[in-house]
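S.K.: Each protein sequence line maps, in turn, to chains B and U.
Under my numbering, the first residue of the first sequence carries the number 1, and numbering increases by one thereafter.
Under my numbering, the first residue of the second sequence carries the number 252, and numbering increases by one thereafter.
Think of the hints as simulated: they come from the structure by calculation, not from any bench.
Treat each hint with caution, since some may be false.
Interface residues of chain U toward chain B, partial, derived using beta-carbon atoms under 8 Å [said to hold, decoys possible]: (1) I358; (2) R439; (3) A442; (4) Q447; (5) R448; (6) S453; (7) G454; (8) D456.
Covered stretches of chain B (in silico footprint by chain U; criterion: 3 or more residues with CB under 8 Å from a CB of chain U, positions within the stretch not fixed) [what the hints assert, rightly or not]: (9) 86 to 92; (10) 191 to 202.
In this text the structure is predicted, and so the values were computed from the model without any measurement.
All C-beta atoms in this analysis are idealised placements derived from N, C-alpha and C, irrespective of residue type, glycine included.
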Amino acid sequence: MLQVSGLKRVFGGLVAVRDVSFEVRQGDFLGLIGPNGAGKTTVFNVVSGVLRPSAGSVRFLGQDISGLPANRIVRRGLSRTFQAATLYPDATVIENAVRGTYATARFGLLDGLRPTKWRAEAEAIAFNVLDMFGLSRRAGIKARELAYGEQRRLGVAIALAGQPKLLMLDEPVAGLNPEEAAELGRVLQRVKAERGVTMVLVEHHMRTVMGLCNRIVVLDHGTMIAEGTPAEIVANPGVIEAYLGKDAAHA
Amino acid sequence: MTRTKINPLRLGGIAIAVLAAVLLPWLAPNQFYIHLGTIGCLNLMFVLGLAIISRAGQLSMGHAGFALVGGYVSALLSMRAGWPPLLGVLAAGLVAAAIAALLGWIILRLRGVYFVLVAFSFGQIAVLLALDMSDITGGANGLVGVPPLSIFGYALTSKPAFYPFALACAIATLLFTWLLYRSPFGDRMAATAENQRLTESSGVDTHLTQVIAFTIGSGIAGVAGAITVHYFQFISPDSFTFWESVSYLTMLVVGGRAGVLGPVIGVLVLTPLPEMLRATQGLQHIIYGGVLVLCLLFVPDGLSSIPRRLGARRAAAMPGIPLPAER
Chain B
1 MLQVSGLKRV FGGLVAVRDV SFEVRQGDFL GLIGPNGAGK TTVFNVVSGV
51 LRPSAGSVRF LGQDISGLPA NRIVRRGLSR TFQAATLYPD ATVIENAVRG
101 TYATARFGLL DGLRPTKWRA EAEAIAFNVL DMFGLSRRAG IKARELAYGE
151 QRRLGVAIAL AGQPKLLMLD EPVAGLNPEE AAELGRVLQR VKAERGVTMV
201 LVEHHMRTVM GLCNRIVVLD HGTMIAEGTP AEIVANPGVI EAYLGKDAAH
251 A
Chain U
252 MTRTKINPLR LGGIAIAVLA AVLLPWLAPN QFYIHLGTIG CLNLMFVLGL
302 AIISRAGQLS MGHAGFALVG GYVSALLSMR AGWPPLLGVL AAGLVAAAIA
352 ALLGWIILRL RGVYFVLVAF SFGQIAVLLA LDMSDITGGA NGLVGVPPLS
402 IFGYALTSKP AFYPFALACA IATLLFTWLL YRSPFGDRMA ATAENQRLTE
452 SSGVDTHLTQ VIAFTIGSGI AGVAGAITVH YFQFISPDSF TFWESVSYLT
502 MLVVGGRAGV LGPVIGVLVL TPLPEMLRAT QGLQHIIYGG VLVLCLLFVP
552 DGLSSIPRRL GARRAAAMPG IPLPAER
């Protein structure tokens, strides 16, 4: 579904990512992990079109998308979320989700004269998504008034409202307490099962990654050091070394 | 949602306001009030143009520059090429919009203060060009004897004859802006202003959205500038300077940026204010400045936000109101 090959990204003289290649298959729940500064977010930003690759290519659904602007990549069915709670703080929760439907919504000039029609269609989709994330009862309040955990869920809901085929989540449970993290994990699994959305997860939180993902790609210092199932990854000495240092790997 | 329903109370208010505006020549049969009314209508068009740009999250400090360009285009077309002024006004809007589209495509990638600076420079350059190209623009003397607008052969030379035309243009612009804000595109504009990164990630070309908003808003400025020039039958580089840009911005901020009501209120308050303060002689500018500072301090979202603020206070005092979306 998504092929990343030979990806390289340089910031000035600093090579943030060098020669990273991996594949996301239909139905995957791929974890992208690595210590701080490993280049996870850079990979994420290049794939989603926020940054251009310095070298290498990104193919999505068989087509080269490297260097396309972010908005066009989203319209092809690849959505992403942001690390911080990124939403429209002064808009209502339902309005936030409505804005997530832009990716698939089509509109003509005439729709300007019939505002109730396009809005009702968008709200129907948005409500459905809010319901999945347990936010439909909060639809009428402003996003800034939500609790932090709810804001994080809304961030994911906005991305899902665009009905993506591949959803990339940038540290969705960062800052959540263990109960909230587990709850979000359950919701993600349910969304995956019900909608058949393939997911990529960038995460620090090892328990979340191990619990949710079927395959894991490990980055360190901008290079890929391992790829495999969660069981293979936890047994991989290179990964243990990257996370805990050389001595731990030998111990 | 409640927002898309038309409230009968609001409808009544709109009807009364429009009726009062239409009846102004009879309510205040005084050349000066009618002149003020005309200026108010023209100001409303400028401020609405600026509001559309601001709706998409940008601040244009070169708004008067587009008015100046529009004014010269229409004046020259009607004086030198013999175009009917009404056609000249249309051409003025198109030229201003075309320049905005080109300029916007290049400079709207700049964020925040940089766009403000470049737009400001555009306004300054427009003034300098008008001064320098004196064989076309008449230089600092400007162009005297710009033909008046005429509709079906009826020339709008007197103030009472011009006012209904200005009012019709202002109401048409208001209606257009209102429809634009409620359209899917208007929704994308507002989303872009609130969180550009997230809107981009929701599949909207936010750069294009801002360019289109800038083009529409500046095109309106071009039209309004041209109409103003045909009203005064005169244009010079001083007609639309940086200070006009500032005054449109002031009206927008004082009135409120959120909807179409804000510009109307801003124009209603700030168009006659300098005239009313004229009686205070030297204190005029001080009082004007004081009003602005007080507005920014106490109603940062503009005068049009006052009813909503009061409503929110009342709602906060009465807990247990069901959420509108629980249906």
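S.K.: All hints, please: hold or fail.
M.R.: Each hint, compared with the structure:
A distance limit of 8 Å between C-beta atoms decides the matter here; for I358/U the minimum to chain B is near 18 Å, and the interface restraint is violated. For R439/U, the interface hint holds, since its Cβ comes within 8 Å of a Cβ in chain B; the closest pair sits about 6 Å apart. Taking 8 Å as the C-beta cut-off, the interface hint given for A442/U holds, the closest approach to chain B being about 5 Å. A least Cβ separation of about 11 Å between Q447/U and chain B goes past the 8 Å threshold, and the interface hint is therefore violated.
The interface hint given for R448/U holds, since its Cβ lies 7 Å from the closest Cβ of chain B, which is under the 8 Å cut-off. A distance limit of 8 Å between C-beta atoms decides the matter here; for S453/U the minimum to chain B is near 4 Å, and the interface restraint holds. Residue-level restraint check for G454/U holds (minimum Cβ-Cβ distance to chain B is 3 Å; threshold 8 Å). Because the closest C-beta pair between D456/U and chain B is about 5 Å apart, less than 8 Å, the hint holds.
Counting residues of the stretch 86 to 92 of chain B whose beta-carbon sits less than 8 Å from any beta-carbon of chain U gives 7, enough to reach three: the coverage restraint holds. With a threshold of 8 Å between beta carbons, the proposed coverage of the stretch 191 to 202 of chain B by chain U is violated, since 0 of its residues qualify and at least three are required.
Violation of the numbered hints given earlier is confined to hints 1, 4 and 10; the remaining hints are satisfied by the structure.
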